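Chains as they are written, first to last, in the working numbering: chain G, -5 to 336; chain X, -5 to 336; chain Y, -5 to 336.
Check before you lean on any hint, since a few could be wrong.
The list treats identical chains as interchangeable, and a pair is accepted whether it falls inside one copy or across any two copies.
[As the list claims (entries may be wrong)] Here are the simulated BS3-like pairs of lysine-lysine, each with C-alpha atoms no more than 27 angstroms apart in a straight line:
1. K61 <-> K290
2. K(-4) <-> K190
3. K23 <-> K260
4. K281 <-> K28
5. K333 <-> K28
6. K319 <-> K333
7. K87 <-> K190
8. K(-4) <-> K260
9. K333 <-> K0
10. K23 <-> K190
11. K224 <-> K28
12. K319 <-> K308
13. K62 <-> K224
14. K281 <-> K62
15. K39 <-> K257
16. K190 <-> K260
17. K(-4) <-> K28
18. K28 <-> K290
19. K190 <-> K333
Note that these hints are calculated values from the structure, not bench results. Quick caveat: nothing in here was measured; it's all calculated off a predicted structure.
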Amino acid sequence: MKFTVKQIATLLGGEIAGNDSLPITGLAKIEEGKPGDISFLSNLKYEPFLYTTQASAVIVDQSFQPKKPVSSALIFVENAYSAFTQLLEEYYKQLSFSRVGVEQPSYVGDGTTVGERIYRGAFSYIGTNCTIGENVKIYPHAYVGNNVRIGDNSIIHPGARVLDNCIIGQHCVVHPNAVIGSEGFGFAPQPDGTYKTIPQLGNVILEDFVNVGSGTTIDCATMGSTIIRKGVKLDNLIQIGHNVDIGENTVIAAQTGISGSTKLGKNCVIAGQVGFSGHLTIANGTKVGAQSGVGKNVVEEGTSLNSSPAFGLKESMRSLAIFRKLPALEQRLSNLEKKNEN
Amino acid sequence: MKFTVKQIATLLGGEIAGNDSLPITGLAKIEEGKPGDISFLSNLKYEPFLYTTQASAVIVDQSFQPKKPVSSALIFVENAYSAFTQLLEEYYKQLSFSRVGVEQPSYVGDGTTVGERIYRGAFSYIGTNCTIGENVKIYPHAYVGNNVRIGDNSIIHPGARVLDNCIIGQHCVVHPNAVIGSEGFGFAPQPDGTYKTIPQLGNVILEDFVNVGSGTTIDCATMGSTIIRKGVKLDNLIQIGHNVDIGENTVIAAQTGISGSTKLGKNCVIAGQVGFSGHLTIANGTKVGAQSGVGKNVVEEGTSLNSSPAFGLKESMRSLAIFRKLPALEQRLSNLEKKNEN
Amino acid sequence: MKFTVKQIATLLGGEIAGNDSLPITGLAKIEEGKPGDISFLSNLKYEPFLYTTQASAVIVDQSFQPKKPVSSALIFVENAYSAFTQLLEEYYKQLSFSRVGVEQPSYVGDGTTVGERIYRGAFSYIGTNCTIGENVKIYPHAYVGNNVRIGDNSIIHPGARVLDNCIIGQHCVVHPNAVIGSEGFGFAPQPDGTYKTIPQLGNVILEDFVNVGSGTTIDCATMGSTIIRKGVKLDNLIQIGHNVDIGENTVIAAQTGISGSTKLGKNCVIAGQVGFSGHLTIANGTKVGAQSGVGKNVVEEGTSLNSSPAFGLKESMRSLAIFRKLPALEQRLSNLEKKNEN
């Protein structure tokens, strides 16, 4: 980003007080602003920083009147917070789409077609018979197996792996070192104590607008598909077992694990380090607290669960509160027993 | 896979009713069958799907008699389930061994020898003085350090890392982005509060038929070897500390962590998100429930543990049941106290 | 390593009994010593191994007198343990710095400068406008984005990812497949149930002497920096959310997760599989037991926490002890109730 204060004020439809020719090269919180940064003041709790910040410019509300001298240029707009967010998004879009073209060496197998305005980084690998859409970015060291489809505007970050036959929708982001479509964990015990591998022949489907965090692993189905539906957001280091189905707009925080064949509903909110047993059905809108262990189906929509094994959030809070007082509780019991001895 | 119904029936020694010239290109569950798929019917619970499936062919038991018209070709065999499993395994074997030869660019260091019928993908790296067996597959972006040995028929998937001096047995599978032989977490506290790195000079040994899941990390020993014995199956995102020793045919589910120098017995079954403290000895055949925390040695073979910290499975189930009723328990206690006040 | 017993004795200032011309090629524990190894005897509990070891040489204390014939050469030094540690470190340093030079193909973008004595492995990627210090090692398949700074003597292992704008200090080690600076997990819920991505524009700063374990993920800040301060040691498969700040010399074991904007103090010791909620402030010197869940600020320095949700270590040990006896406790309560019925 390289603009003047004046250019940014024009973009935002704002008025300037101060030096309108200063160059702006970054965005920062007001308390961390350095020369070259633009910041904003919305919540007046942060007003003291306005008089000490080194940011070159600060976006403020039209109604705002400084009480002391300000060294930064000020840009007055209708809503400072919205204007700053607009800048953020503009900047982010620029960054996201700054990479384009093909770096060498990179590898593309036979029968693969790629769309317009694609980025293929050095050392990226795309196998045979793939269909890669427009504006797709395949970063360095990303691996795309054979017979994979990737929709328009999706990004495969460095070191992410998309194995054979998987399907990635549009506007998906697969973060660094995520693994999509590795073989599910299926082994049949044999009479002699060894295990025989159960062939895993299915794939993974990510529908549109899915986010897969860094280091997250999603296993392919034994047969058929492991499905991550439209708008699902997965954080880092999550494990998704084979044949799992996650409903639209469900959000899952880091380090959670979902065992094979479990079906999560839509609009669920799952906190971090949660575990789900296999073959469960979880109702739409279920909320699960951090580190909980869900071992049973959830039938009622909008249920809130907590604890390991998980039960109702409110009930679990009460049990956990008493858990902390167990020594006192036992003492009370002992006292009563003594009283009753006589 | 590209066969006709007739070819498959011949392979399975079955008899055909229907169109024996249809092409078969995939396998599917009967409820998900599409044209080109072959499926099977074994459990009669699924019989209704037989009359609606779009699969081109369905394998059924010899004794089976359809009650309605079926549009798919039927292949009658002695045992439909076994026959389908046989097909699955045949198909899987074909897939697993379909990649062969050397893609460029790829890297092999001095003094390294590689066996026959190897696959080395583009951007794969093998260091110096390695010995790579026959039928080994080193996928794109896989890294093999110096002085590594990899036995016949093993597969190193994309982005897997096998660091210096490690030894991989025969028929092992190392899944994408797994890390084998990274430095153990050893730091000696110094008087000034800083930590000094303890050199980690050992290696990791995977014996034959070991499975290492995607993103799983296995640290090398400080000296000597971290050992994963014959037939051990590790799921995704597992952490194995330095100098750990895991006994034959032990199976460990995703996101479990085992701290340094702990020794697990043979034939153990460890669920997901379990933690083990360091320097423990765990008896053969131990079973541990999901999210448990094992902090003590297990002496008796076949013990079942649960909870964090872990204790006997049955006992823990009883305690957990009462945990849920703690508010009621406290109420009962309060009632008694009131009664006894008078 | 290739030395004679005599050369090593000279290095350590020790005296030899036995064959001083034997070649030494490795280090081993006395119970695992093979021909070519050097070992040590310090704790006399291990003395019996001295008479059976196959190690070519054993370092012993000056005062030590063998009670039986020893086939290994003996090197007498003032303190056998210190002398062996000195050897270990010497050997480790040799190993760590054995790789130097540039392997091809490797990629360096425009405007990037690299220091002297660097190692750049085959298939390593360094983007544009980076500054890479002296003695830095960028292993094969390591990815360094644009505008990254890496200080002298730091090591980026195979498959590690350092994304745009991140800053790595001196003497840092980033282990295989770690991810530094991936986008934080920020999504704003929309009225229709979907989520909108909140732009993540900040970076990650690792100060000097930081260790980042294999597969660990550290998200960049929304704005500003996620900061891992001097001397922090992170084990494998840890998740660090956006805008987290970890104080000097804090040590964190494997599979722990820290949610966004939490600030950990200096000299904390955090065990494995711990979870921290977001926006917390944790005092210096806090200790947290394995699998704990920390959901509240910690104000007092040196606090020890345990359990999920976490509370005082001692209190939690008492509650956990009674938890195991809950069935007996309920029985006692029932008995009292019966007594009181009459």
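Hints versus structure:
1. For the identical chains of this complex, K61 and K290 are neighbours neither inside a copy (60 angstroms) nor across copies (37 angstroms), given an alpha-carbon limit of 27 angstroms.
2. Taking the shortest Cα distances, K(-4) and K190 sit within 27 angstroms of each other only across copies (26 angstroms), while inside one copy they are farther apart (60 angstroms).
3. Taking the shortest alpha-carbon separations for K23 and K260, only the inter-copy value of 25 angstroms comes in at or below 27 angstroms, while the best intra-copy value is 35 angstroms.
4. With identical chains, the CA atoms of K281 and K28 are never at most 27 angstroms apart, being 41 angstroms at best within one copy and 36 angstroms at best between copies.
5. Proximity of K333 to K28 under the C-alpha cut-off of 27 angstroms is found in neither arrangement, the shortest distances being 71 angstroms within a copy and 70 angstroms between copies.
6. Taking identical chains as interchangeable, the C-alpha atoms of K319 and K333 lie at most 27 angstroms apart whether they share a chain (21 angstroms) or sit on different chains (22 angstroms).
7. In the homo-oligomer, the alpha carbons of K87 and K190 lie at most 27 angstroms apart only across protomers (13 angstroms), although the nearest pairing inside one protomer, at 48 angstroms, exceeds that limit.
8. Proximity of K(-4) and K260 under a CA criterion of 27 angstroms is satisfied in neither setting, with 42 angstroms inside one chain copy and 38 angstroms between copies.
9. Within a single copy, K333 and K0 get their C-alpha atoms no closer than 83 angstroms, and across copies no closer than 79 angstroms, so neither meets the 27 angstroms cut-off.
10. In the homo-oligomer, the alpha carbons of K23 and K190 lie at most 27 angstroms apart only across protomers (21 angstroms), although the nearest pairing inside one protomer, at 56 angstroms, exceeds that limit.
11. Only between protomers do K224 and K28 lie at most 27 angstroms apart by alpha-carbon distance; the minimum there is 23 angstroms, versus 40 angstroms within a single protomer.
12. In this assembly of identical chains, the alpha carbons of K319 and K308 lie at most 27 angstroms apart whether taken from the same copy (17 angstroms) or from different copies (13 angstroms).
13. Taking CA atoms no more than 27 angstroms apart as the test, K62 paired with K224 passes in neither setting, with 50 angstroms inside one copy and 38 angstroms between copies.
14. For the homomeric pair K281 and K62, neither the shortest alpha-carbon distance inside one copy (47 angstroms) nor that between copies (45 angstroms) is at most 27 angstroms.
15. Within a single copy, K39 and K257 get their C-alpha atoms only as close as 45 angstroms, which misses the 27 angstroms cut-off; across copies the closest is 21 angstroms, which meets it.
16. With identical chains, the CA atoms of K190 and K260 are at most 27 angstroms apart between copies only, with a shortest distance of 16 angstroms across copies and 35 angstroms within one.
17. When the C-alpha separation of K(-4) and K28 is checked against a cutoff of 27 angstroms, the pair qualifies only within one copy, where the shortest distance is 15 angstroms, while the shortest distance between copies is 54 angstroms.
18. In this assembly of identical chains, K28 and K290 lie within 27 angstroms of each other by CA distance neither inside one copy nor across copies; the values are 53 angstroms within and 32 angstroms between.
19. For a Cα distance limit of 27 angstroms, the shortest separation of K190 from K333 qualifies neither inside one copy, at 62 angstroms, nor across copies, at 59 angstroms.
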